[in-house]
Amino acid sequence: MLNKDTFFLVLLVFIPVSIAAHFLAWGETIVFVTAALGIVPLASYMGTATEEIAVVTGPNIGGLLNATFGNATELILAFIALRAGLVGVVKATITGSIVSNLLLVMGFSMLLGGLKFKEQKFQPTVARLNASSMNLAVIALLIPTAVEYTSTGIEESTLQNLSVAVAAILILVYILTLLFSMKTHAYLCDVGEAEFEEGEEKREVNLTFWIFILLAVTLAVAVESELLVDSLEVATSDLGLSPLFTGVILLPIIGNAAEHATAVTVAMKDKMDLSVSVAVGSSMQIALFVAPVLVIAGWAIGQPMDLNFNPFELVAVMVAVLIANSISSDGESNWLEGSLLLATYAVLAIAFFFHPVVEGMI
Amino acid sequence: MLNKDTFFLVLLVFIPVSIAAHFLAWGETIVFVTAALGIVPLASYMGTATEEIAVVTGPNIGGLLNATFGNATELILAFIALRAGLVGVVKATITGSIVSNLLLVMGFSMLLGGLKFKEQKFQPTVARLNASSMNLAVIALLIPTAVEYTSTGIEESTLQNLSVAVAAILILVYILTLLFSMKTHAYLCDVGEAEFEEGEEKREVNLTFWIFILLAVTLAVAVESELLVDSLEVATSDLGLSPLFTGVILLPIIGNAAEHATAVTVAMKDKMDLSVSVAVGSSMQIALFVAPVLVIAGWAIGQPMDLNFNPFELVAVMVAVLIANSISSDGESNWLEGSLLLATYAVLAIAFFFHPVVEGMI
Amino acid sequence: MLNKDTFFLVLLVFIPVSIAAHFLAWGETIVFVTAALGIVPLASYMGTATEEIAVVTGPNIGGLLNATFGNATELILAFIALRAGLVGVVKATITGSIVSNLLLVMGFSMLLGGLKFKEQKFQPTVARLNASSMNLAVIALLIPTAVEYTSTGIEESTLQNLSVAVAAILILVYILTLLFSMKTHAYLCDVGEAEFEEGEEKREVNLTFWIFILLAVTLAVAVESELLVDSLEVATSDLGLSPLFTGVILLPIIGNAAEHATAVTVAMKDKMDLSVSVAVGSSMQIALFVAPVLVIAGWAIGQPMDLNFNPFELVAVMVAVLIANSISSDGESNWLEGSLLLATYAVLAIAFFFHPVVEGMI
Numbered sequence: 308m309l310n311k312d313t314f315f316l317v318l319l320v321f322i323p324v325s326i327a328a329h330f331l332a333w334g335e336t337i338v339f340v341t342a343a344l345g346i347v348p349l350a351s352y353m354g355t356a357t358e359e360i361a362v363v364t365g366p367n368i369g370g371l372l373n374a375t376f377g378n379a380t381e382l383i384l385a386f387i388a389l390r391a392g393l394v395g396v397v398k399a400t401i402t403g404s405i406v407s408n409l410l411l412v413m414g415f416s417m418l419l420g421g422l423k424f425k426e427q428k429f430q431p432t433v434a435r436l437n438a439s440s441m442n443l444a445v446i447a448l449l450i451p452t453a454v455e456y457t458s459t460g461i462e463e464s465t466l467q468n469l470s471v472a473v474a475a476i477l478i479l480v481y482i483l484t485l486l487f488s489m490k491t492h493a494y495l496c497d498v499g500e501a502e503f504e505e506g507e508e509k510r511e512v513n514l515t516f517w518i519f520i521l522l523a524v525t526l527a528v529a530v531e532s533e534l535l536v537d538s539l540e541v542a543t544s545d546l547g548l549s550p551l552f553t554g555v556i557l558l559p560i561i562g563n564a565a566e567h568a569t570a571v572t573v574a575m576k577d578k579m580d581l582s583v584s585v586a587v588g589s590s591m592q593i594a595l596f597v598a599p600v601l602v603i604a605g606w607a608i609g610q611p612m613d614l615n616f617n618p619f620e621l622v623a624v625m626v627a628v629l630i631a632n633s634i635s636s637d638g639e640s641n642w643l644e645g646s647l648l649l650a651t652y653a654v655l656a657i658a659f660f661f662h663p664v665v666e667g668m669i
Numbered sequence: 308m309l310n311k312d313t314f315f316l317v318l319l320v321f322i323p324v325s326i327a328a329h330f331l332a333w334g335e336t337i338v339f340v341t342a343a344l345g346i347v348p349l350a351s352y353m354g355t356a357t358e359e360i361a362v363v364t365g366p367n368i369g370g371l372l373n374a375t376f377g378n379a380t381e382l383i384l385a386f387i388a389l390r391a392g393l394v395g396v397v398k399a400t401i402t403g404s405i406v407s408n409l410l411l412v413m414g415f416s417m418l419l420g421g422l423k424f425k426e427q428k429f430q431p432t433v434a435r436l437n438a439s440s441m442n443l444a445v446i447a448l449l450i451p452t453a454v455e456y457t458s459t460g461i462e463e464s465t466l467q468n469l470s471v472a473v474a475a476i477l478i479l480v481y482i483l484t485l486l487f488s489m490k491t492h493a494y495l496c497d498v499g500e501a502e503f504e505e506g507e508e509k510r511e512v513n514l515t516f517w518i519f520i521l522l523a524v525t526l527a528v529a530v531e532s533e534l535l536v537d538s539l540e541v542a543t544s545d546l547g548l549s550p551l552f553t554g555v556i557l558l559p560i561i562g563n564a565a566e567h568a569t570a571v572t573v574a575m576k577d578k579m580d581l582s583v584s585v586a587v588g589s590s591m592q593i594a595l596f597v598a599p600v601l602v603i604a605g606w607a608i609g610q611p612m613d614l615n616f617n618p619f620e621l622v623a624v625m626v627a628v629l630i631a632n633s634i635s636s637d638g639e640s641n642w643l644e645g646s647l648l649l650a651t652y653a654v655l656a657i658a659f660f661f662h663p664v665v666e667g668m669i
Numbered sequence: 308m309l310n311k312d313t314f315f316l317v318l319l320v321f322i323p324v325s326i327a328a329h330f331l332a333w334g335e336t337i338v339f340v341t342a343a344l345g346i347v348p349l350a351s352y353m354g355t356a357t358e359e360i361a362v363v364t365g366p367n368i369g370g371l372l373n374a375t376f377g378n379a380t381e382l383i384l385a386f387i388a389l390r391a392g393l394v395g396v397v398k399a400t401i402t403g404s405i406v407s408n409l410l411l412v413m414g415f416s417m418l419l420g421g422l423k424f425k426e427q428k429f430q431p432t433v434a435r436l437n438a439s440s441m442n443l444a445v446i447a448l449l450i451p452t453a454v455e456y457t458s459t460g461i462e463e464s465t466l467q468n469l470s471v472a473v474a475a476i477l478i479l480v481y482i483l484t485l486l487f488s489m490k491t492h493a494y495l496c497d498v499g500e501a502e503f504e505e506g507e508e509k510r511e512v513n514l515t516f517w518i519f520i521l522l523a524v525t526l527a528v529a530v531e532s533e534l535l536v537d538s539l540e541v542a543t544s545d546l547g548l549s550p551l552f553t554g555v556i557l558l559p560i561i562g563n564a565a566e567h568a569t570a571v572t573v574a575m576k577d578k579m580d581l582s583v584s585v586a587v588g589s590s591m592q593i594a595l596f597v598a599p600v601l602v603i604a605g606w607a608i609g610q611p612m613d614l615n616f617n618p619f620e621l622v623a624v625m626v627a628v629l630i631a632n633s634i635s636s637d638g639e640s641n642w643l644e645g646s647l648l649l650a651t652y653a654v655l656a657i658a659f660f661f662h663p664v665v666e667g668m669i
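Protein chains in written order, with the working numbering: chain A, 308 to 669; chain B, 308 to 669; chain C, 308 to 669.
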């Protein structure tokens, strides 16, 4: 744990550097790279602050806070990109976050955990329920694109209405899954959290301090996201990366670095329930909460974002959900299963790298 | 049970009303709506009559009767629509029946059953076998469309031959599943029926009476179906519904109302084996028996119907089978799983509502 | 076992006949058919020779030999066809081998085994791991085609680079699965082989003799493959078969006849672990080893073969993997499940038969 903490502390230095790079005009690429590195520790501190506040508020409001702020970094970054009109990049980040949580994060967890422990077990009931929720989420994301592809011509406003309706259903489902896991069937799902807190004595939490930290971090995330979004187009084109690759592969690695570190760390302590729930839970939050909130937010701020994705993004999401479900549904993992997830991620990443820039993507 | 029976009895009044509406020219919309309402109780009585006759004929012929007449209402309605040349509507009704049985009927059963009982269990072996049969059925329905989409041009007669060959295989598979569940592996599958008859004393059945009822009901279904089909085009266009929406969403709700009532009623008595087998069994009957019989019947009466579906219908069926299998394969259900099925249905229904009218559909 | 051995011995006569037919110009169709029949016993003897050598070399190198030479017949045949420029036929043979192993071989094993034994069981852990590997393999094969279909225009060289990169990942995954099943988790996977050798006393093996046999058989396979490939175009066109049907249906039946005989024989002795591992293992070898080796070999000999398949081939592979996984993942089989696999194969074979000849296929 010490290494991770020190590492994140060091990365904080990139926040002032990125701001300096912006005002002193050191070049878009330097702004982009330093802002990206600066966001990594912020996402982690946002998670810590939310959890500390949750200790005071009790499990119910705490669970809600975690569920809402768990992907706040992605949400802020995506919202700023959306406001800037980078609709294609935002959509790519959504699919990329799902793919990288299910394949990269879960893959490294199972591989590194599996190299230490021959076989690792986790709750299959929850894994299967999550698999079904992810299936629904993927279906919902797929439907508007499928409608567009199977009709001879559909108006943009119809697609937009369809997307808002689908988004409303997804948010409802998200609320229902919270109700299920925190109220009616909490006994099924709190294995992971119990493990997390295991051995931790009751402690005092300074609420005012952590609320202040949360606000400060949120502000810093917003600033860094602005810098990142402003420099994105020029920087990625200088680096020879397509916007699709940037959105699907690069941005989610930055946004999910904190989850990544947590999931791998706990997997190496053989707490696979928690490790899998971090990876899959984060994907579900993106699909059932972040994506629909962005659709509705975009519609509210006059930057309409429909759910009509680039078909290859859908292929990637379907593939990720298929293989992640196939591997996690038996409640057991080993190093080969981790490797299969990583190999799938590698195949997709290479394909996105070679994929010609798609019309309509900024 | 009383409520359902009374309700169906009241609905019978719509039969004379629909006939009057037709002959007194009260307007196509009134004919359509009243004929639709009149069919609902008839489907239920057809089921009752078949089961009563099955008591006399013994389990073997009885099972066969149930397997053949179980979806007789859908079959008659579809045949009359097919004869009237509404090929697109018939195909839409086939996919819609599969989708609504797997998502709407099973979804309400699991939701309402799950609100009463925390966890409900059913036979996973049968569930998985049914899942495999449904996979095969979907594959078979998908293949002709896939052949058309992946070739640069295919003659209608080739598609027709392919469809008839596929239909013959599906009917053969249907016969094999009957053989399996009634002969060689009956012990696996009769849980549901045993529960159904539980507590029922041996009783006398008036065979002549029930055969007469079956004939009368069949005749009435045919008459109402004629009225429904004749008024369909004008009525749905007056109601602002596309033929695709009518076929996929509206007609299957009418045709499956009886199964729906049964599946939900038994789920609320915690007889999930029976509830799931009604929903999934009905889907399988549509896919493995009704659809291929219609292909062959259409070919015989000179109204050829191939299995080349609108691709979005295939997306809907694939999605329904995928999520229904993912939810039912572990032999357990709860209210959230029911909600996921209903949410998927809602997403599909909205998509069909917004889907532009497709060329070639009447 | 006697019958199979005698049968294969008799088939050897077609080797000289095919050579005579070639040099005496008896016609391409006779050359094609006799060469095809001649290959069947050779594939079987190649397997026997490899296993005998493996007895001497010990399990590690032996396992490696089996893993490398297990599909040597397919590899030699495909390589010769590739050198002759029949890229489309080679690709079709790859997909066809996967499909026929999963559906035809496993289907007949489960059907014939299931007619003798009511329920047959096999290791579900290994079945599920194989399912995940097959999912990855299918995904990898699907990706280049998906990239091509979802972009407005992609250069052939990009597709080729993408295919080589994907091939490298697949070979790496193949090596990892060998490491897993032979080293780190051997205890999970050697059920099948233990059964295979059960009751066999320790015996002397004449290494020189079997190496000589292996070389002779390899040479004969190469000669017969040359004859088969040379006569393929004229012969299949005379027989009224499209090159697609030949590649997907006909050639894999010839190449997999030996595995087929073994899998069915052991299934009828209720050794389902071994039966399933022959069928699925062979598919995995094709997807994770033979296909990528051909991509790299084609690139080396200047006959570049990308992984951009005919979309209907992909549909067939996806369908086969989906239904095979759905049937095998519970570790149980019965005759109906075998029938479902065979019915799926029949539907696909009919579809390939009716599929119009595709542009770009020789």
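Treat the hints with care, as some may be off.
For chains that are exact copies, the list does not tell them apart, and a pair is met inside one copy or across any two.
Once the Cα atoms are required to be at most 27 Å apart in a straight line, the calculated DSS-like pairs of lysine-lysine come out as [what the hints assert, rightly or not]:
#: 1; residue 1: Lys490; residue 2: Lys425
#: 2; residue 1: Lys490; residue 2: Lys311
#: 3; residue 1: Lys423; residue 2: Lys490
#: 4; residue 1: Lys576; residue 2: Lys425
#: 5; residue 1: Lys490; residue 2: Lys428
#: 6; residue 1: Lys425; residue 2: Lys311
Read the hints as simulated data drawn from the structure, not as lab findings. The structure displayed is predicted, hence computed values, not measured ones.
Now the hints, each set against the structure:
In this assembly of identical chains, Lys490 and Lys425 lie within 27 Å of each other by CA distance solely across copies; the values are 12 Å between and 35 Å within a copy. Neither within a single protomer nor between protomers do Lys490 and Lys311 lie at most 27 Å apart by alpha-carbon distance, with minima of 33 Å and 33 Å respectively. For a Cα distance limit of 27 Å, the shortest separation of Lys423 from Lys490 across copies, 15 Å, qualifies, whereas the shortest one inside one copy, 35 Å, does not. For a Cα distance limit of 27 Å, the shortest separation of Lys576 from Lys425 inside one copy, 13 Å, qualifies, whereas the shortest one across copies, 33 Å, does not.
For a Cα distance limit of 27 Å, the shortest separation of Lys490 from Lys428 qualifies both inside one copy, at 25 Å, and across copies, at 21 Å. Taking the shortest Cα distances, Lys425 and Lys311 sit within 27 Å of each other inside one copy (25 Å), while across copies they are farther apart (41 Å).
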